[in-house]
Amino acid sequence: MSEPETLTVDINGFQTRIWRKGSGPKLGYLAGFGGLPRWMPFLDELAKTRTVIVPSVPGFPGGDRGHTILDSHLDWMLALRDLLEKADLVGADLAGSSVGASLVAEMAALWPASVRRLALIAPFGLFDDKDPPTDPWAQRADAVPGLLCADPEIYKGMKAAPEGANSIEWPIEQVRASEAAARIFWPLGNTRIEKRLRLIQAPTLLLWGSEDKIMPRTYADKFAAGISGKTEIKTIAGAGHLAELDKPVEVAKAISDFTA
Amino acid sequence: MKLMWFHLMPYTELPENFRDANPSVWVDIHSSLFDPKRAHHMYNDFMDELEYAAEVGFDAVCVNEHHSNGYGLMPSPNLIASSLARRTTDTAICVMGNSLALYNPPTRVAEEFAMIDVISGGRLIAGFPVGTPMDTTYAYGTNPSQLRQRYHEAHDLVVRAWTEPDTFAFNGRFNQQRYVNIWPRPVQQPRPPIWIPGGGSVETWQWCAEMDYVYCYLSYYGYKAGRATMDGFWAEMDRLGKDRNPYHAGFLQFVGVGESRQHAYDLYAEAAEYFYGRCLHVDPKWSTPPGYTSEGSQRAGIESQVRKAADSAVRGKSTGERSASVARDMDGIVDNGYVIIGTPDEVAEQLREVAINLNVGHLMLLLQYGNMSKEVTRYNTKMFAEHVMPKIKDIHSGWEDRWWPKPMAANLRASVPAYPPRMAAE
Numbered sequence: 271m272s273e274p275e276t277l278t279v280d281i282n283g284f285q286t287r288i289w290r291k292g293s294g295p296k297l298g299y300l301a302g303f304g305g306l307p308r309w310m311p312f313l314d315e316l317a318k319t320r321t322v323i324v325p326s327v328p329g330f331p332g333g334d335r336g337h338t339i340l341d342s343h344l345d346w347m348l349a350l351r352d353l354l355e356k357a358d359l360v361g362a363d364l365a366g367s368s369v370g371a372s373l374v375a376e377m378a379a380l381w382p383a384s385v386r387r388l389a390l391i392a393p394f395g396l397f398d399d400k401d402p403p404t405d406p407w408a409q410r411a412d413a414v415p416g417l418l419c420a421d422p423e424i425y426k427g428m429k430a431a432p433e434g435a436n437s438i439e440w441p442i443e444q445v446r447a448s449e450a451a452a453r454i455f456w457p458l459g460n461t462r463i464e465k466r467l468r469l470i471q472a473p474t475l476l477l478w479g480s481e482d483k484i485m486p487r488t489y490a491d492k493f494a495a496g497i498s499g500k501t502e503i504k505t506i507a508g509a510g511h512l513a514e515l516d517k518p519v520e521v522a523k524a525i526s527d528f529t530a
Numbered sequence: 133m134k135l136m137w138f139h140l141m142p143y144t145e146l147p148e149n150f151r152d153a154n155p156s157v158w159v160d161i162h163s164s165l166f167d168p169k170r171a172h173h174m175y176n177d178f179m180d181e182l183e184y185a186a187e188v189g190f191d192a193v194c195v196n197e198h199h200s201n202g203y204g205l206m207p208s209p210n211l212i213a214s215s216l217a218r219r220t221t222d223t224a225i226c227v228m229g230n231s232l233a234l235y236n237p238p239t240r241v242a243e244e245f246a247m248i249d250v251i252s253g254g255r256l257i258a259g260f261p262v263g264t265p266m267d268t269t270y271a272y273g274t275n276p277s278q279l280r281q282r283y284h285e286a287h288d289l290v291v292r293a294w295t296e297p298d299t300f301a302f303n304g305r306f307n308q309q310r311y312v313n314i315w316p317r318p319v320q321q322p323r324p325p326i327w328i329p330g331g332g333s334v335e336t337w338q339w340c341a342e343m344d345y346v347y348c349y350l351s352y353y354g355y356k357a358g359r360a361t362m363d364g365f366w367a368e369m370d371r372l373g374k375d376r377n378p379y380h381a382g383f384l385q386f387v388g389v390g391e392s393r394q395h396a397y398d399l400y401a402e403a404a405e406y407f408y409g410r411c412l413h414v415d416p417k418w419s420t421p422p423g424y425t426s427e428g429s430q431r432a433g434i435e436s437q438v439r440k441a442a443d444s445a446v447r448g449k450s451t452g453e454r455s456a457s458v459a460r461d462m463d464g465i466v467d468n469g470y471v472i473i474g475t476p477d478e479v480a481e482q483l484r485e486v487a488i489n490l491n492v493g494h495l496m497l498l499l500q501y502g503n504m505s506k507e508v509t510r511y512n513t514k515m516f517a518e519h520v521m522p523k524i525k526d527i528h529s530g531w532e533d534r535w536w537p538k539p540m541a542a543n544l545r546a547s548v549p550a551y552p553p554r555m556a557a558e
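Keeping their order, the protein sequence lines are chains P and G.
Residues 271 to 530, numbered by our numbering, are exactly what the first sequence covers, in order.
Residues 133 to 558, numbered by our numbering, are exactly what the second sequence covers, in order.
Some clues are possibly wrong.
What the hints assert, rightly or not - With the Cβ distance kept under 10 Å, some of the chain G side facing chain P (calculated, not the full set): (1) G273; (2) F306; (3) I434.
Said to hold, decoys possible - EDC-like mimics (lysine to aspartate or glutamate), calculated; alpha carbons at most 20 Å apart, straight line: (4) P:K429 - G:E427; (5) P:K400 - G:D160; (6) G:K356 - G:D461; (7) G:K523 - G:E478; (8) P:K465 - P:D491.
Honestly, the hints are just simulated from the structure, not real lab data.
Glycine residues also receive a C-beta, built at the ideal position from the N, C-alpha and C atoms.
Put together the whole structure using the sequences plus the hints.
Next up, the structure:
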């Protein structure tokens with residue numbers, strides 16, 4: 271696994287990291303719950319055939335404290351649009367996971383001409399009283415890895431401080447990622463995106479881990495029913511909520527095939 | 133020295149197996165455990181107890197706000213305070229307090245506190261806590277990432293609403309109101325004293341210093357665990373060049389007074405074990421909503437763990453971490469200083485040490501806790517008032533309490549109608 275190229279752009283005054291690796295048509299990816307404290311195998315898989323561009327969501331690792339000035343949904347949307355423009359992703363294929371999937375779906379709804387094809391891995395944004403998602407913010411700390419990944423060790427590995435990391439700042443950054451997600455999705459995960467799904471024209475792939483303990487599988491059907499573009503639902507066997515962490519090869523292949 | 137009588141209003145009939153059979157006393161405590169007809173008696177007993185405390189000479193009676201909580205039956209402390217305003221005459225009424233970010237619009241707090249201040253003739257202490265994670269982010273659904281920003285903005289709005297003579301527009305980040313003009317206005321001018329209950333965060337200390345507010349450390353873990361926090365507060369005051377006026381601070385302490393130490397131990401063990409065993413049974417999943425603890429406080433907490441600082445037993449720890457290490461048997465409760473017990477002399481001696489070592493002029497005393505009966509509560513209160521209070525009133529007498537309510541002169545205040553107790557023969 272080689273390191274990606276790192277660019278830094280200014281989003282509302284916050285230095286924001288953009289990773290870039292590979293060659294071929296551009297594919298953007300926004301991370302799921304917890305963000306990306308480090309590069310991961312899934313992105314290497316994608317980079318085999320694509321130029322993978324990974325902007326950090328404000329407040330996620332690499333996104334500084336950019337979430338702290340985003341008060342309304344419109345604030346978030348404009349910050350993300352700015353980020354996609356600065357990451358040179360306008361007109362590209364977009365993928366996202368979990369909270370990041372909800373955000374790329376919003377971009378596709380608000381700026382339909384800017385997104386070629388869309389891949390959503392278990393997106394946040396809806397809430398069904400009869401089948402509510404698991405509350406990711408009301409959990410004992412030791413339960414979180416097993417809720418987000420089918421194999422908790424994979425999530426722990428993603429979040430573990432690397433050799434030489436600042437032992438004080440590293441854990442604070444991980445809490446900040448959870449806070450940034452809370453800032454836009456608290457308390458139910460419901461941004462009322464159902465009102466905007468019909469604006470999505472891009473062909474959309476909905477990916478769901480068969481072992482997702484956060485977002486019920488029925489939500490795939492709700493997204494598919496709401497989106498105007500052609501949709502396809504694919505289940506990833508043995509994967510949890512962050513399916514790309516559990517099954518990097520399978521998820522990367524599904525996205526590469528869909529956006530080919 | 134100010135001695136203040138504090139009621140949490142715990143539900144007193146949680147089952148003996150509560151800890152084992154239920155995940156949490158807070159947020160998702162089951163409604164089947166609540167019997168409204170029993171709670172009718174609890175509320176009335178508790179209000180009798182507060183009125184009794186006022187009658188026997190405590191300087192203030194204190195109430196506070198909790199939500200979805202089996203040990204705190206006051207979602208609205210203001211309701212209790214308004215009743216106390218009518219049933220007491222000279223005692224300060226300390227609402228400790230209203231969690232500002234939970235009120236929409238926050239001018240509701242300015243209005244209700246002004247009402248209590250006017251009805252009581254200027255006896256209100258206005259407490260402004262941020263509120264616990266359980267109350268604010270889970271029970272009330274407030275966004276933890278915005279809670280503190282909303283709190284500070286609401287504070288600014290409430291203070292302006294009390295003090296600006298003319299109708300004004302409030303153009304806040306979270307609150308916009310075109311016409312702010314509260315009626316009534318508080319008796320105490322320019323405003324009632326503001327006290328801030330907080331944890332051990334440097335930001336809160338600095339803010340209390342800057343605004344000249346009383347900082348209160350309301351811990352259930354007593355003076356031994358509280359020492360480090362209060363030392364931290366005073367070190368910060370020193371650093372900022374503030375004097376060490378002990379009335380700049382408040383501290384909460386559980387107490388049980390008896391004829392002998394053994395008598396006190398036997399008399400209060402059940403109630404204390406009920407409180408620390410059942411009432412403080414909080415599911416750790418409710419303790420750490422992301423963003424609730426500022427990054428500065430997280431940093432300080434992590435650093436203190438790294439240093440293995442002496443105070444890490446409590447300060448900088450989440451409710452969940454604390455909850456796991458709490459002593460729940462009477463020996464542990466007493467040894468750790470959660471509850472101070474003994475004869476009046478022994479209690480007075482320990483409280484003198486607390487007041488002097490922690491340098492606090494406002495002692496908030498919990499003399500009812502857990503399932504303590506009305507009879508025992510009355511006994512504890514009476515023993516304290518008659519035999520402990522006179523021994524410690526003199527502490528800190530060299531300092532002026534600039535943060536105490538300034539009521540209307542007694543002869544200018546309305547006479548409150550008497551409610552004669554019904555005679556047994558009637």
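message: Using the nearest Cβ pair, does G:G273 come within less than 10 Å of chain P?
response: Since chain P brings a Cβ to about 4 Å from G:G273, closer than 10 Å, the hint holds.
query: Going straight from one Cα to the other, do P:K400 and G:D160 come out at no more than 20 Å?
result: holds (18 Å)
query: Straight-line Cα separation of P:K429 and G:E427 no greater than 20 Å?
result: holds (18 Å)
query: Hey, does the G:F306 contact hint survive, CB to chain P under 10 Å?
result: For G:F306, the interface hint holds, since the closest Cβ of chain P sits about 7 Å away, which is under 10 Å.
- prompt: Are the Cα atoms of G:K523 and G:E478 separated by 20 Å or less?
  reply: With a Cα-Cα distance of about 11 Å, the restraint between G:K523 and G:E478 holds, given a limit of 20 Å.
field: Restraint status (C-alpha distance of P:K465 to P:D491 at most 20 Å)
entry: Holds. P:K465 to P:D491 sits at ~15 Å (cutoff 20 Å).
message: So, as I understand it, the hint says G:I434 touches chain P; can you test that by seeing if any CB pair is closer than 10 Å?
response: holds (5 Å)
query: Does G:K356 pair with G:D461 here, judged by a C-alpha cut-off of 20 Å?
result: holds (17 Å)
Against the hints set out earlier in the document, no violation occurs for any number.
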